[in-house]
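*Asks:* Sequences are here, hints too, so could you generate the full structure?
The sequence shown runs 1 to 90 under this note's numbering.
Derived from the structure by calculation, the hints contain no laboratory data.
We put the beta carbon where it would ideally sit given N, CA and C, even for glycine.
There may be inaccurate statements among the hints.
Label pairs and their in silico Cβ distance ranges [said to hold, decoys possible]:
1) Ala73 / Thr36: 13 to 23 Å
2) Val44 / Ala83: 17 to 27 Å
3) Pro25 / Asp85: 32 to 42 Å
4) Ala38 / Asp85: 13 to 23 Å
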Amino acid sequence: MTAPSPSAPALGAPASGPAVPVAAPADSPLTRLVATLAELADDVSVPRNVRRGAQAAKEELTKGRVALDVRIASAVAVLDDLANDPNVPT
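*Replies:* In structure tokens, the structure reads:
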């Protein structure tokens, strides 16, 4: 095994550079997805169960203190349940 290069930060050491932003940038895929889910949840021409599913997925994605991968997995699970719902029109 080789030793880490002197320029590489040690494990657990803070990385140099800008701090990680708390909120996603306005043009990020996550921000666009949340906006799309919000539009779907607010569209009265969409069936109520689909609007509720879109709202639930949006809420899962916007939970503040939960890790991003957990939020995404939770939102995917909500949308997967909705996709497998026999009452959703095709």
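*Asks:* Give a verdict on every hint.
*Replies:* Verification of the supplied hints:
1. Ala73 / Thr36: 13 to 23 Å: Holds, since Ala73 and Thr36 (Cβ atoms, about 19 Å apart) stay within the stated range.
2. Val44 / Ala83: 17 to 27 Å: holds (21 Å)
3. Pro25 / Asp85: 32 to 42 Å: Cβ of Pro25 to Cβ of Asp85: about 33 Å, so the range 32 to 42 Å holds.
4. Ala38 / Asp85: 13 to 23 Å: holds (21 Å)
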